[in-house]
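Those sequence lines, one after another, are chains Z and R.
Sequential numbering from 19 applies to the first sequence in the numbering used here.
Sequential numbering from 431 applies to the second sequence in the numbering used here.
The hints are simulated quantities; they were obtained by calculation from the structure and are not laboratory data.
We put the CB at the ideal spot given by N, CA and C, even for glycine.
It is possible that part of the hints are untrue.
[What the hints assert, rightly or not] Computed cross-link-like contacts, DSBU-like style, restricted to lysine-lysine with a CA-CA straight-line distance of at most 30 Å:
1. R:742 - R:685
2. R:695 - R:742
3. R:785 - Z:308
4. Z:464 - R:495
5. Z:339 - R:685
6. R:742 - Z:212
7. R:495 - Z:394
8. R:785 - Z:212
9. R:508 - Z:212
10. R:666 - R:757
11. R:781 - Z:308
[To be verified] A few chain Z residues facing chain R, derived, Cβ under 7 Å:
12. 185
13. 192
14. 223
15. 264
16. 493
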Amino acid sequence: MPGSASFRFRWRVCGLVLCVLLPSSLLTAKATAQGVNILTFHGNEARLGWNAQETQLTPSTVNSHSFGKLWETPLDGQIYGSPLHVSDLEIGGKKRDVVFTATENNSVYALDASTGQILWGPKTLAPSLNETQYNDCNNIHPRHGITSTPVIDLEKQTIYVCGVTQPGIRQVYQVWGLDLLTGDVRPGWPVTLKGRYQGCDFDAGQLTQRGALNLINGWLYIPFGSRCDIGEWHGWIMGVNTGDPSALQRAFTPAPTIEGGGIWGSAGVSADQDGNLYAVTGNGGYNLDKGGHNVCESVLRLTPDGDGLKMSDYYVPANWKDLDAADVDMGGSSAIVLPDQPDTSTPHLVVTCGKDGLIYMVNRDKLGQVGGEVYKQRLFGDPNVSYHSNIKTTPAYFDGGEAGRFVYATGNETGPNGEAGVVALKVVTDGSPNGKSRLQTAWTLKQELHQPGAPTVSSNGSKEAILWVIESNKDDGDLGPPGVLHAFDAITGKTLYRSDEDPTRDTLEDARKFSCPTVANGRVFVGTHGIVAYGLLHGK
Amino acid sequence: MLGHQKARLLWLAMVGLGLSLLPGAAQAQFGGDHVEGAIVDIRGDILQVRPRFSMKLTRVIVDDKTEIQSPQIMAINKLQPGVNVFGFGDYDAKGGITPRFLMVSEERRGFFAGKIRGVRGTGYGKSAMFGGKLKSVKPFVVTDDDGKEITATIQGFVPVMHNAKADRTALQVGKMIEASGERTADGLLHARAIDIQQGFGGGPGGAGAVFGEVVAVNGNSLEVMPRFGAETIQAKLKEGATLLRQITVDPDTVKVGDTITVQGKRLEGPPDTNAVAFVLLVGKQTYPQVSPQGFFAAFRGAGNGNVTATGKVASLSPFVLTLEDGKSLTVVIPGQTPVVDLRPLTLAEIKPGDKLMLIGSESKDGGMVTTTLVVGASPIVGFGN
Chain Z
19 MPGSASFRFR WRVCGLVLCV LLPSSLLTAK ATAQGVNILT FHGNEARLGW
69 NAQETQLTPS TVNSHSFGKL WETPLDGQIY GSPLHVSDLE IGGKKRDVVF
119 TATENNSVYA LDASTGQILW GPKTLAPSLN ETQYNDCNNI HPRHGITSTP
169 VIDLEKQTIY VCGVTQPGIR QVYQVWGLDL LTGDVRPGWP VTLKGRYQGC
219 DFDAGQLTQR GALNLINGWL YIPFGSRCDI GEWHGWIMGV NTGDPSALQR
269 AFTPAPTIEG GGIWGSAGVS ADQDGNLYAV TGNGGYNLDK GGHNVCESVL
319 RLTPDGDGLK MSDYYVPANW KDLDAADVDM GGSSAIVLPD QPDTSTPHLV
369 VTCGKDGLIY MVNRDKLGQV GGEVYKQRLF GDPNVSYHSN IKTTPAYFDG
419 GEAGRFVYAT GNETGPNGEA GVVALKVVTD GSPNGKSRLQ TAWTLKQELH
469 QPGAPTVSSN GSKEAILWVI ESNKDDGDLG PPGVLHAFDA ITGKTLYRSD
519 EDPTRDTLED ARKFSCPTVA NGRVFVGTHG IVAYGLLHGK
Chain R
431 MLGHQKARLL WLAMVGLGLS LLPGAAQAQF GGDHVEGAIV DIRGDILQVR
481 PRFSMKLTRV IVDDKTEIQS PQIMAINKLQ PGVNVFGFGD YDAKGGITPR
531 FLMVSEERRG FFAGKIRGVR GTGYGKSAMF GGKLKSVKPF VVTDDDGKEI
581 TATIQGFVPV MHNAKADRTA LQVGKMIEAS GERTADGLLH ARAIDIQQGF
631 GGGPGGAGAV FGEVVAVNGN SLEVMPRFGA ETIQAKLKEG ATLLRQITVD
681 PDTVKVGDTI TVQGKRLEGP PDTNAVAFVL LVGKQTYPQV SPQGFFAAFR
731 GAGNGNVTAT GKVASLSPFV LTLEDGKSLT VVIPGQTPVV DLRPLTLAEI
781 KPGDKLMLIG SESKDGGMVT TTLVVGASPI VGFGN
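Okay, chain Z solo, but in the shape it has when bound (with noise of 0.2 Å):
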């Protein structure tokens, strides 16, 4: 239920540590007496993408010298989601750090953090689908499993992922629930995706699920996009019931009566603390000023109303019909939602990115409608041309204390002057009456990377950030050369590690587009062909 006392008890826990600990914002990645626990995307809920418990990966640690690979595990499929990780869990009769992983093969494994031994997998949950079943989209390439990043509930001990199966004629999107220790599916899983909204059904034939799952109040979020807007499609939001998985299933989409408002953004939805949903759709059209019900280009936020999702607010860019016409969705990258700002008018934020290469920033207490943002900047990309595909990856958040608020984008094509890359902006407030927030740039890499991922942050504190960002190096058909790992200081920008300088090493094979690294107790986790682990050398 939104706003449960389950779920404020653990933000204001949250909170109360971070008081300690940082002067503001909450804590990313989830940390215990013996390590860091990232239990799904970008390690929090608010899709953050920041890990403050790092002590041994830091800016005079990592360089080429002292950091590389330190084991690689091929698995039975393509990774396309971020590799989760809980410390200290006893499997096999031994405490260890675990690295949990899915497949496109519809395959789940856990892997020994320290070595890359599997404990337990393939599970493989159902059949894959081929290419020709796939509506013949490359987006993803070459089987179609399980694409999105799953999620951990500690609590329950279980991992929750979602995958694509054709048990007959018709395709079904399936989520199972697997016991965390050993791989087993627990008592009531898998659940068939089924919903309706509008009058519009939930059609899993058309679909991509690509976001990763969030799990809010005991609800598991699941967003979808289409397979290469072929076809009849909508993009549609999920909802399941941990608790009760043969509950009735929450489902809600953009454009009922429209094809587009695919939710394509890697971290899937993000959600506040009352437990609101952030959502960030592609092309498509808007209506709502009709009285319709399609809003696409848009930032949503929608509250769990009963057995359904609610639309409570939402913000749509003016030109949203340029957008739509030029295919530069708003929904490749979703939103992050920000620690309280101080000194502001506007002290609760939304980010989020497009194509169009600009970051947008809203007010989640009004997230403003048509026209309505707090502010926009162009990060990448010529505003003379009309295409654009320059930020289809999720911002990512540092709050360095005395050396300021970061928010970091990862994008492509060189923008107006002279951004590349990766942009860092500061947030700060612009010096007008009512003290709006605002971004500044603080730096950029001023060299092009060909199509990264999600960056993610780790630090010490306020202190030691390193920004972590993987260069997939791969088109949208997932062809090209190996991928590259690159870690920055994150409040500089200085190049600290690249793993293309010790190829023989340190060489990152098949990295895909959208892939995010894990970090978490001095270990670096990337998805490929399986997973492939980066730490400091010494402690090989």
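Based on the hints, put chain R in the right spot on chain Z.
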């Protein structure tokens, strides 16, 4: 003199022959990257193109700088000296050539972009190609890029395809195009130039399918707004036209033992063993098909290798039909595949607002003579506008 239809067929055959004789030539001469295929969807500035001989969609970006050319057939005696000419024909022992068809363009791109030198045999019989700047029509003389004059012997009717400039309205779903340009970082093709290839698509004036919505019913004529169009078309029903209503069937109701008709495409492998479905029909029936240039133009092989097969469902996963002759057909079913039933319909049942597919041909007054009409047809079972 050949009749128009025969001339067109010959022209199509020659274009096909010419292209087939030039594997990779167009790509090499265009420079950059290119894609050749059928437009299956248009959204704003983005064309979704299904390449010939491939099922992998490519998205092509069109902007105001994209040069679009649409071939028009013109008479040879209308040619003006100075235009660029490229032709295919038969060479003779003296190095002369008798062209079977000609392509002309004011600009040096596409076939005209590379260096044109003399008469070059293609390696197939006595076929050859030649080109240059037109010096005169009678006699037909061109000057190649080395300054050498080539005199061609014009015998009978020689179709001439003129690459005329066109605007974006010429880019329509179902048209075959060749687009050249640069790949964006995410693999889209940002088109510098697009040539519309009339020879392989449902070109204007021919047969084809239109998807749209009924605006009005006037006697035996329908006013229909095409799905991607801005102006209505008048569709007159031909006497005896087939009228059907498509009913979407819940796939979960199909059981082992049911009779199902599959329409789709054969996959590589033993004949009639494997296929990929475009549509599943309840019972023994056939989904109305347009000509290969229309309904199936977007698919691999542009109409070749299609399969229609009726049988009893032997297995749902994998989906296997036992055909009437006892053979088995294993069918891959993409997620977008509709399962439908087709039921007879009367004209009186058609109402404004109905979404439908029309199959027919262009009439003399520019409207459509409709031979088949399917109310409720899903665009996914046949691309077209």
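Okay, the hints, checked on the actual structure:
Using a Cα cut-off of 30 Å, the hinted pair residue 742 of chain R and residue 685 of chain R holds, with the two alpha carbons roughly 9 Å apart. With a C-alpha separation of about 19 Å, the suggested pair residue 695 of chain R and residue 742 of chain R falls inside the 30 Å cut-off, and the hint holds. Of the pairs offered as hints, the one joining residue 785 of chain R and residue 308 of chain Z holds, with about 23 Å between alpha carbons and a cut-off of 30 Å not exceeded. Taking the CA atoms of residue 464 of chain Z and residue 495 of chain R, the gap is about 28 Å. The hint holds against a cut of 30 Å.
Of the supplied pair hints, the one linking residue 339 of chain Z and residue 685 of chain R is violated, its CA atoms being roughly 45 Å apart against a limit of 30 Å. In summary, the hint linking residue 742 of chain R to residue 212 of chain Z is supported, as the alpha carbons are separated by about 29 Å, within the 30 Å threshold. For the given pair, residue 495 of chain R sits about 28 Å from residue 394 of chain Z by alpha-carbon distance, which is consistent with the 30 Å threshold. Straight-line distance between C-alpha atoms of residue 785 of chain R and residue 212 of chain Z comes to about 26 Å, which keeps the hinted pair within the 30 Å bound.
Among the hinted pairs, residue 508 of chain R with residue 212 of chain Z is inconsistent with the structure: their alpha-carbon atoms are about 63 Å apart, more than 30 Å. With a C-alpha separation of about 42 Å, the suggested pairing of residue 666 of chain R with residue 757 of chain R is violated against the 30 Å cut-off. Simply put, residue 781 of chain R and residue 308 of chain Z have alpha-carbon atoms about 25 Å apart, close enough for the 30 Å limit, and the pair holds. Interface hint status for residue 185 of chain Z: upheld, as the beta-carbon distance to the closest one in chain R is roughly 5 Å, under 7 Å.
Of the supplied interface hints, the one on residue 192 of chain Z is violated, with its beta-carbon coming no nearer than about 14 Å to a beta-carbon of chain R, more than 7 Å. Here the hint on residue 223 of chain Z is kept, as its CB sits about 3 Å from the closest CB of chain R, short of 7 Å. Among the interface hints, the one on residue 264 of chain Z is violated; its C-beta lies about 18 Å from the nearest C-beta in chain R, farther than the 7 Å criterion. Interface restraint check: residue 493 of chain Z against chain R, minimum CB-CB distance 3 Å, threshold 7 Å, status holds.
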